[in-house]
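A.B. asks: Protein chains in written order, with this note's numbering: chain A, 7 to 375; chain B, 7 to 375; chain C, 7 to 375; chain D, 7 to 375; chain E, 7 to 375.
Treat the hints as calculated values from the structure; they're not laboratory data.
Among the hints, erroneous ones may be present.
If chains are identical, the list can't say which one is meant, so a pair holds when it fits in one copy or spans any two.
Distance condition first, Cα-Cα at most 30 Å in a straight line; then the derived DSSO-like pairs of lysine-lysine [to be verified]:
id	residue 1	residue 2
1	K276	K44
2	K276	K99
3	K316	K102
4	K128	K276
5	K184	K99
6	K276	K102
7	K184	K276
8	K44	K247
9	K310	K276
10	K188	K239
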Amino acid sequence: MIRKIKKSFNKKFKTFSELGYQTKVGEAPGTLRYIGEKSTGFQRVDIIQYNENQCYESGAIKDSWIPHIQKISQPCTTWINIDGLTPIELIEKVGKHYQLHALMLEDILNTHHRPKFDSFEKAALLISKMLRYDDENTCIISEQISCVITDSTLITFQEIEGDVFEPVHQRLRQSVGKIRQKKANYLLFCLLDAIVDNYFLILDKIGEEIEALELQVINDPQEKTLQRIYHFKREITIVKKAVIPLRENISAILRGSGNLIDSTTELYFKDLYDNIIHVAEVLEMQRDMANNLQELYFSHLSNKMNNVMKTLTIISTIFIPLTFVVGVYGMNFDIMPELHWKNGYYLVWALMGVLSMVMLIVFRFSRWL
Amino acid sequence: MIRKIKKSFNKKFKTFSELGYQTKVGEAPGTLRYIGEKSTGFQRVDIIQYNENQCYESGAIKDSWIPHIQKISQPCTTWINIDGLTPIELIEKVGKHYQLHALMLEDILNTHHRPKFDSFEKAALLISKMLRYDDENTCIISEQISCVITDSTLITFQEIEGDVFEPVHQRLRQSVGKIRQKKANYLLFCLLDAIVDNYFLILDKIGEEIEALELQVINDPQEKTLQRIYHFKREITIVKKAVIPLRENISAILRGSGNLIDSTTELYFKDLYDNIIHVAEVLEMQRDMANNLQELYFSHLSNKMNNVMKTLTIISTIFIPLTFVVGVYGMNFDIMPELHWKNGYYLVWALMGVLSMVMLIVFRFSRWL
Amino acid sequence: MIRKIKKSFNKKFKTFSELGYQTKVGEAPGTLRYIGEKSTGFQRVDIIQYNENQCYESGAIKDSWIPHIQKISQPCTTWINIDGLTPIELIEKVGKHYQLHALMLEDILNTHHRPKFDSFEKAALLISKMLRYDDENTCIISEQISCVITDSTLITFQEIEGDVFEPVHQRLRQSVGKIRQKKANYLLFCLLDAIVDNYFLILDKIGEEIEALELQVINDPQEKTLQRIYHFKREITIVKKAVIPLRENISAILRGSGNLIDSTTELYFKDLYDNIIHVAEVLEMQRDMANNLQELYFSHLSNKMNNVMKTLTIISTIFIPLTFVVGVYGMNFDIMPELHWKNGYYLVWALMGVLSMVMLIVFRFSRWL
Amino acid sequence: MIRKIKKSFNKKFKTFSELGYQTKVGEAPGTLRYIGEKSTGFQRVDIIQYNENQCYESGAIKDSWIPHIQKISQPCTTWINIDGLTPIELIEKVGKHYQLHALMLEDILNTHHRPKFDSFEKAALLISKMLRYDDENTCIISEQISCVITDSTLITFQEIEGDVFEPVHQRLRQSVGKIRQKKANYLLFCLLDAIVDNYFLILDKIGEEIEALELQVINDPQEKTLQRIYHFKREITIVKKAVIPLRENISAILRGSGNLIDSTTELYFKDLYDNIIHVAEVLEMQRDMANNLQELYFSHLSNKMNNVMKTLTIISTIFIPLTFVVGVYGMNFDIMPELHWKNGYYLVWALMGVLSMVMLIVFRFSRWL
Amino acid sequence: MIRKIKKSFNKKFKTFSELGYQTKVGEAPGTLRYIGEKSTGFQRVDIIQYNENQCYESGAIKDSWIPHIQKISQPCTTWINIDGLTPIELIEKVGKHYQLHALMLEDILNTHHRPKFDSFEKAALLISKMLRYDDENTCIISEQISCVITDSTLITFQEIEGDVFEPVHQRLRQSVGKIRQKKANYLLFCLLDAIVDNYFLILDKIGEEIEALELQVINDPQEKTLQRIYHFKREITIVKKAVIPLRENISAILRGSGNLIDSTTELYFKDLYDNIIHVAEVLEMQRDMANNLQELYFSHLSNKMNNVMKTLTIISTIFIPLTFVVGVYGMNFDIMPELHWKNGYYLVWALMGVLSMVMLIVFRFSRWL
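Generate coordinates for the entire structure from the input sequences, incorporating the hints supplied.
C.D. replies: Here it is in structure tokens:
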């Protein structure tokens, strides 16, 4: 049990030097180096180009990616999605093709970056965390997604395959809603919206865990219950670390930083902002509930302990005077009249019976029982 | 008992996926979908049109609503109240008729939205929570009310039938105060005022609960008392979640966001703002009192426990030396002079009497008794 | 004892519905209704008119008040003080005469309003709390005072007779300082100054109570000591609720809200502001001291308990091995050589004496005694 | 011991009415009245006049002070230092001579004023606290120093004789650094610098006390240790009350309030500001350390208590089964075969030996011993 | 053990007077005096001059430093690094040569200064802390580094030899990246980047310590574990004191204070700023984890204690009734029928067996066992 917790701690908090920070110390800024733990070496590029009338989709492994771009000659929006950050050569090539700043690429390759928004000359960069719940290991998996956005192009970088964007793909293909009529910034909104909608599902899982813990605390609190509460508070911290900076970033975008949004998309980003605030508030409430649970746990535990101690002490206390009485008549004095009474023995039993009844009544009366 | 608490927890905190979030993930923004748990399928539209001279009232079930509008040809203010959000077709129709933004309708249909204020081109949207105390289940019922306001029209959307607006209706019918001379923004103020006045009644109920808990903690603290305190803190959290964002929203309206108010209604909104701040402060004070109660509970409990332990330990301690004494004279040594003394037995009793008196005096002197 | 605490709780925190909120729900704003608990039906109007040369004072019961105004024909400042808010007809008359806004009158009649400052077209309203210490019931009495100020008139509304303004009266009569040369805003300052000076006396009483509690906690902490600490923390909360909003209000006045002050009176209000900050800081410090007292109380209590338990346990522990020894020689084996030794009995006593000495030394050495 | 603590509390927190607040209630603002407890009736005026070439120093008792001013005919800076605030006639005379505002003089005479900075027409006023450590009574002595500054004059008012300005005097006399070339505002900086440098020495004393307490807590925690920790936290509060407002004041001066500083002295005030922030940070850290100490104290205490209880309980538990065994063979049944065994007695001893060994091993194995 | 902790405390928190503050009190500002504890008397000057084409490096002991400057006649950037602050003559000479303000030099010599950024007329000063982990003494070593930056020159002052800048040296020599093409402000960024990268390694060490403590707390919590947790919280405080002010400083530089950065270097400083925020957030999280650990420790401890007490009490409670039973049959009454029963003795054993079984079952059933 403990071994398992220990391991899961490890998995979540790799040391910075294991992640490659040690070799990075003092390196020239903009030096590209992959920092992360999910590298599989697998890489895939997916390109979708669309305008109101057309939607052309193509996928490729590794560097055969360039020929696929610009299949549509008319003005269109291009979404390039890249799964897998190593080998870094592909990232470098993309950076070169779109003239991305070296610092931008450095941030994209550092998968332990906190969510950030930064606007460079030619493009803006938004880094956020995609959270999924791993039912098998009952833990939250966080994957970094970096979005580089220019006027007509959105490039997304993901650490591993698999994401939450399938519904967006569907809407692009089937031209559901206004997605095909709008520009890259609306596409960015759609992706962020999908990410934030997934945060709600994570909140759900956390909520279920709270309920399970609540039942456990009320019915049968054990030491490992407390460890689960701690584990659980840590998970809330992880989600918070993804949500709070994203809130700041969306707020910065809304304030006009990076000239990313126009008046028609502003409404959508405002709505997204409201959703993130909602997530943050629910998280805050869940943290409070976790703290309450912890207090409840300690209270239940000490209550249970007190009950044990009290009952046992009462038993001892009733028998101690009785033992004294039987001790008295075990004495060997020559002259002890009671010993020779005919009903002495039975009277002693009666005395002890009365004594214990009186004590029980006193205890009862004092509400100790 | 515990089962009941468990159930009431469930009732309040439905998971997001049960509420329909799961299917909503990745959907196009503005897609209308009811998110909530109070849907009964019943719908009703009430229309009141009034100006200084006239007041025409009409009600209708479902989509027969349109013909009722514009019975008064002169300039007038129209208040359309809709009870029941499903089926959503009605909401869609209303949105179409008044050209409301799709995002606005989406927010109205999501009954788990936090209170918000947003101004769109044609109209402004204010979402707030109407709180009522359910005496039967001793819990607070929260119902979302969404107000869409344009220059001359106020549309309110409620989840279920029944609200706190009856006095406003009366004032409209009987032309009490200035309500018939003023525009839709004054009507909005009146509704909000009625909502906030109800918050005070909720505070009352919470205050009564505090007093009851206080008595219980002082006189007879039990484990379930603590659970009631936790339950109670959670209720305060629910009210707070309704009040704090509303305060922000009214503040935004006062700062001129949405051009909702003019100089004559500003005073009223200021007054409303003061009331909400008062509610927030009382809530804060009640939360502090709940925390104090909790501390008092733990203190009383440990005090009671300590008293039990102390008294019992004292009893044991008095008898332990006495038991030792009687043990001594139960020994079987050949030569034990005391055993053959004439008054040996009575002397031992005297000795034990003195011994226990001394111990009682020492205990008394040390303030342990 | 407990009954008394209960009652004092009640007295301070009347429910909102008892105060008249329930009937107020949904009423037209500006509807005049007395909300409070100090209504005696007694009303009195005092009018002082003064300029640099003259000071004319007059008092009246109820509505015979108007003829008394404007006895001085030259430009002068008028201070109208009204004791008693019911019946509300008088308040309405005053409002009519000075064309006061209905919302203003509503706030004046609600004696549970938090301190506020609001400027209307014709006048500004400052609501604050006058605190006095009731030595008999050892509690703080809070009375609301509402000041309506126009250019040349100051109207003050008090709930009951009796206030802290006698020194100001004296200064007006005897023309001490610059009070007669200045306008109504300086008079307002003088009244507020008197109110704030009284806050210091309240702080005094609280300080004395802290000292008394400190002695009690150190010398003889009892359960009711804790209740007094809680009672005391609640008192600090009451004072804080009067002081903090007043600080905000004076700050608003200093920032020029309501055009209430000119450059010559600004200095005085600044000074007043400093005093209020001082009061707030002392309150904060006293709250910390109350929390420290509480911790000290718990520490003393558990210390005392531990001492009891420890000593008693030590006594038990010494006698338990001795009781074992005497038990040994109470056994009835046929062959037990010690029983037949000549000095067996005395040797056992010696053994037990040595045993208890050794244990006492070990306890002493381990610093348990 | 307790008596001593009690007294030191008294000394530090005189009631406001003892300090003269009671008589002050409602008095005209600007009425001069000494509020404080250090009045000795002794007064002394020291005047230093200097410019780059000359430095003329003179001292006088009481009102013979005026003739000493203006000994240097050339433009010069004058520093007037006044020790002792009573009798207040001298203060009044100084105020008249330099046309100081009455409120300014009132603040100077109130030695319980919080540090403040206020600029009046003719002069600016800075009130701060000079802290010194009284080694004899091991407490911090706080003395108020009020600085009135005009273009070419600095007047400092101190409560009692003795200050931390001797080094500044030396520098003036010997023209060390730029002090003689600069104006009054640089002199003010020098005095404040000396005051703040002394704060560091106070921090030192607090730091030493922390170390002493730390040793005491780790080696031999006693009840009075806790009282010292509380005493110590109170001292930190006192220092904080002197430092935090001064920080605000210097910040206000830096923001240009009162036009006190020019570009050449700004650098010095910035440096001073950095030092005060440093003091505030160290204080914050020391407060945290005090809280940690307190926790450590409670942990040590309960640890010690637990050890006592555990060991004693173990002893009892070993002997209880043994006492049962010997009780068995003290029974008087007619037929008890063991009693008649030849080695019965010795076998019982063996049994009891084995029993206690087993229990010790079990305890050891369960890590309870 | 305790002695060791005590010593390490001493090492970290030297009193201010030991550091030379006492003699500094009241001294003229700008008086140069070394305040610190790492002075070895050893001093070394290293000069690197570079432009895009050339890089000339030279080192010197003490004051033979001037001739080495300006070896390159063309426009170039000069980096002067000084190890060792005493004797202060060298610092004075450097100050004179570059016309640095006296206050700047004073700050540089005070190695207990908090990180600060200040811009003077001719140069800007940035003081920050270089943290290294001393594996031997398992503590964090903090060294102050002061950077004086003018247009073309960067002067760095370090307390002792040894730093984290070797990689920067390498990049300068080998012209890696753009470092040789850029000005002094880019060099400053490179140094700060190296410092902040080292902060991550410190976070690593802290993280490892948390894991070790976590294992210790879960498996075998001891008193010294708690002391390690306290020690550890103190280390986090030290790192925080280095990081938080640096964050403010970089923020001030980004806001344009001191005109230090141009548009091309701004991006780099922004990146640096993000990294520092990341460090601060991780620190905050680690502090929370330390607090959780502490709670877990107390919970484990009290759990362990409770288990001991419970088991021991149960043993006692089982034997107390048995002892009573054997006491009964040790009584010496003339008439005690059971004593003469043939199987009396065996029946008593049976009775006692049943009695203990019943008690065990009750305990088990009540979940106390």
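A.B. asks: Run every hint past the structure and note whether it holds.
C.D. replies: Going through the hints against the structure:
no., hint, verdict
1, K276 - K44, "between (33 Å within a copy, 27 Å between copies)"
2, K276 - K99, "between (35 Å within a copy, 25 Å between copies)"
3, K316 - K102, "neither (76 Å within a copy, 70 Å between copies)"
4, K128 - K276, "both (25 Å within a copy, 17 Å between copies)"
5, K184 - K99, "between (32 Å within a copy, 20 Å between copies)"
6, K276 - K102, "between (33 Å within a copy, 22 Å between copies)"
7, K184 - K276, "within (17 Å within a copy, 36 Å between copies)"
8, K44 - K247, "within (19 Å within a copy, 34 Å between copies)"
9, K310 - K276, "neither (50 Å within a copy, 53 Å between copies)"
10, K188 - K239, "neither (41 Å within a copy, 47 Å between copies)"
In this structure, the earlier hints numbered 3, 9 and 10 are contradicted, and the remaining ones agree with it.
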